[in-house]
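Student: Chains as they are written, first to last, in numbering that gives the first Met the number 0: chain A, 0 to 132; chain B, 0 to 530.
Hint data in this document are derived by calculation from the structure and do not stem from the laboratory. Where is the CB? At the ideal position from N, CA and C, for every residue including glycine. Among these hints, one or two may not hold up.
[To be verified] Calculated cross-link-like contacts (lysine-lysine; reagent style DSSO-like; alpha-carbon spacing at most 30 Å):
# : chain 1 : residue 1 : chain 2 : residue 2
1 : A       : 89        : B       : 513
2 : A       : 32        : B       : 477
3 : A       : 32        : B       : 513
[To be verified] Pair ranges (Cβ atoms, derived):
#  : chain 1 : residue 1 : chain 2 : residue 2 : range
4  : A       : 67        : B       : 395       : 54 to 62 Å
5  : B       : 54        : A       : 53        : 49 to 57 Å
6  : A       : 1         : B       : 86        : 51 to 59 Å
7  : B       : 392       : A       : 27        : 46 to 54 Å
8  : A       : 53        : B       : 473       : 32 to 40 Å
9  : A       : 1         : B       : 443       : 49 to 57 Å
10 : B       : 168       : A       : 3         : 30 to 38 Å
11 : B       : 107       : A       : 53        : 53 to 61 Å
12 : A       : 1         : B       : 437       : 16 to 24 Å
13 : A       : 3         : B       : 197       : 29 to 37 Å
14 : A       : 1         : B       : 407       : 54 to 62 Å
15 : A       : 67        : B       : 511       : 37 to 45 Å
16 : B       : 123       : A       : 93        : 54 to 62 Å
17 : B       : 395       : A       : 21        : 51 to 59 Å
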Amino acid sequence: MQDVMTICNYCGCGCGVYLRVDQGRVVGSYPSKNHPISQGNLCSKGWHLHEFIHSANRLTEPLMRKYGKLCPVSWDEALDYTTKSLLRTKKAHGSDSIGVLASAKCSNEENYLLQKLTRAGLQTNNIDHCARL
Amino acid sequence: MTNSIGELKGAEVLLVTGSNTTETHPQIARNILRGVDRGAKLIVIDPRKTDLAREAHIHLALRPGTDIALINGMMRIIIDEDLADDLFISMRTEKFTALRDYLHRLDLDEIATITGIDLQTIRDAACIYARSCKSVICYCLGVTQHTCGTNNVQAVANLAMLTGNVEKEHGGVDPLRGQNNVQGACDMAALPAVLPGYQSLANLEVRERFKAAWETDIPQTPGKSLTEMTHAGREGEIRAMFIMGENPVLSDPHLGRVEDTLQHLDFLAVSDIFLTETARLAHVVFPAASFAEKGGTITNSERRVQLCHRAIKPIGNCRPDSEIIMELGRRLGCPGMDFDSDAEIMDEISLLTPIYGGIHYDRLEGSWGLQWPCWDRDHPGTSFLHKYYFARGKGQFTITEHQEPREGVEEKYPFTLVTGRGSYHHYHTATMTRNSRRLVREYPEALLEINQDDCEKLGLQQGEMVELVSRRGRVRVKAQITDRVQPGTVFTSFHFWEVPINRLTIDALDPKSKCPEFKVCSANLRKVDHD
Chain A
0 MQDVMTICNY CGCGCGVYLR VDQGRVVGSY PSKNHPISQG NLCSKGWHLH EFIHSANRLT
60 EPLMRKYGKL CPVSWDEALD YTTKSLLRTK KAHGSDSIGV LASAKCSNEE NYLLQKLTRA
120 GLQTNNIDHC ARL
Chain B
0 MTNSIGELKG AEVLLVTGSN TTETHPQIAR NILRGVDRGA KLIVIDPRKT DLAREAHIHL
60 ALRPGTDIAL INGMMRIIID EDLADDLFIS MRTEKFTALR DYLHRLDLDE IATITGIDLQ
120 TIRDAACIYA RSCKSVICYC LGVTQHTCGT NNVQAVANLA MLTGNVEKEH GGVDPLRGQN
180 NVQGACDMAA LPAVLPGYQS LANLEVRERF KAAWETDIPQ TPGKSLTEMT HAGREGEIRA
240 MFIMGENPVL SDPHLGRVED TLQHLDFLAV SDIFLTETAR LAHVVFPAAS FAEKGGTITN
300 SERRVQLCHR AIKPIGNCRP DSEIIMELGR RLGCPGMDFD SDAEIMDEIS LLTPIYGGIH
360 YDRLEGSWGL QWPCWDRDHP GTSFLHKYYF ARGKGQFTIT EHQEPREGVE EKYPFTLVTG
420 RGSYHHYHTA TMTRNSRRLV REYPEALLEI NQDDCEKLGL QQGEMVELVS RRGRVRVKAQ
480 ITDRVQPGTV FTSFHFWEVP INRLTIDALD PKSKCPEFKV CSANLRKVDH D
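Just need the whole structure built from these sequences, with the hints factored in.
Tutor: Have a look at this one:
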């Protein structure tokens, strides 16, 4: 068993949480006593932070719509089809016909990369996220 | 937040407006209540009698959408009582005279009528706030989710500057950020009109710097905001979308329109950890790794950039979003998409983003993070903002005038519908919390908060189903009789897909922030007879 320090994934408080890992599974969440915000406390969402990680409903394979239904495909197929579709739209309707939504649930690095991809790669400033919702 | 979370407990007066803090920011609420235990006075402005409002010394239960009138009234009283901080106003601010003249023309009795709060209560609250030099204002989406949201925030800023409560350890204006990394996503410029660190797209020098680092030109015209993209309709300009970790089909206002827009795109790709309502409409769905399966940094409400550690390897065939973006970037021919680690990405961020200038992984490892602005490697980070000067130099007073919400109550729609997060146990569209067994057990279904008086009129009993209708749609939901809402107002959350309340909400936006008016729309309801 091992405890890994991370930050809670729910609200903007940013509590320090230990995830307890047993044989490759996250089995518990515990507050950090010394973290400046949590100071040994968590809310009900924080105490049960680990519960959705191994949910049977998690997506585990890339999916692609074929004959109206989402079917499992390989990463290469999903990525290639996405690339082709985005390039086709860009060619037919221009860069500003593509829109991108980033996520307040993803890391700084991921948000940075996605806006870089949008601006430098797709050549549009059509990027936003749910800050107002 | 201009302050740090820990500083709240040292304040003498805490004014909380438009925030259900105990449910949506529990650890911030803990600091607020700790302050109250130490003798601080708590004033809560909220149409609902939230748990925090029950703890308040003064609860200003205003009519939804009348924040500006209330704050203008408080400012007028502060000036009348000679409690304004004249020295601060003359040294650190500008355009006060115009605001003062405007406030002098206000009729306080009219303000009491508009807000529905008696004048003496407003007077008490104003005096308590202004008499202390350690007064903090915390606000949340109850202030911003209005068509006059930007002006609501300006009114709050006026109030803080009027009393000089801005530049201090235990005084300031603190917007509470809702999601774990909404602050970071804004800092990183997942926004249509700025570059990382809120640098202007219009500034040639800034653009040149990014052009040199990214080895490519970047477009200059600001992009579309979220609601402009998701509400364009089937004939909209946007033809293809990539959505990472977001569920607009449940979270955006006027859902019928969102579905219509997304269903008619030529191409939609979604990256998420669950098959959300939005992912179900996609052509391609990428299985993303959850927070436990990746590293990276996130930035909390008090601007603290903190390191997350990977606990387990991605389950199944999942990949972190950073890998998905880089794979796509390389295939799309985007330069600079070959990073070996999150630390390397952060090095590029700090190079291009002055407020993150001194933030590097070796400094974050083994610490509790760094609060931006952190200009360089030797900078210790900043616990509270605007010490000695504001970002723009002098603080500017701006007159804000009361404006009625877009939809008023009328005969056909006599109720005011307020929406928001509604439970301690659920979060946003509940994609994660409803996959957590114990959280579902605690709060299994959507409830509509409705006042006892209204229930008697409608012949409604606790737990009976009602049909709620607005100009845009209808839902069926179980009634919860409570004194949390005033007569004529009903409240429910957007956590449950079975009760997609955003079918009813209005997509009228604040003209500047593009924030939708989730907090006020008119609705009607009737008891559903058993079929």
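Student: Each hint should be assessed against the structure and marked as holding or not.
Tutor: Structure-based check of each hint:
no. : hint                     : in the structure
1   : 89/A / 513/B             : holds, 26 Å
2   : 32/A / 477/B             : violated, 40 Å
3   : 32/A / 513/B             : violated, 40 Å
4   : 67/A / 395/B: 54 to 62 Å : holds, 56 Å
5   : 54/B / 53/A: 49 to 57 Å  : violated, 37 Å
6   : 1/A / 86/B: 51 to 59 Å   : holds, 57 Å
7   : 392/B / 27/A: 46 to 54 Å : holds, 50 Å
8   : 53/A / 473/B: 32 to 40 Å : holds, 37 Å
9   : 1/A / 443/B: 49 to 57 Å  : violated, 33 Å
10  : 168/B / 3/A: 30 to 38 Å  : holds, 33 Å
11  : 107/B / 53/A: 53 to 61 Å : holds, 59 Å
12  : 1/A / 437/B: 16 to 24 Å  : holds, 23 Å
13  : 3/A / 197/B: 29 to 37 Å  : holds, 33 Å
14  : 1/A / 407/B: 54 to 62 Å  : holds, 58 Å
15  : 67/A / 511/B: 37 to 45 Å : holds, 41 Å
16  : 123/B / 93/A: 54 to 62 Å : holds, 58 Å
17  : 395/B / 21/A: 51 to 59 Å : holds, 56 Å
Hints 2, 3, 5 and 9, counting from the list given before, are not met by this structure.
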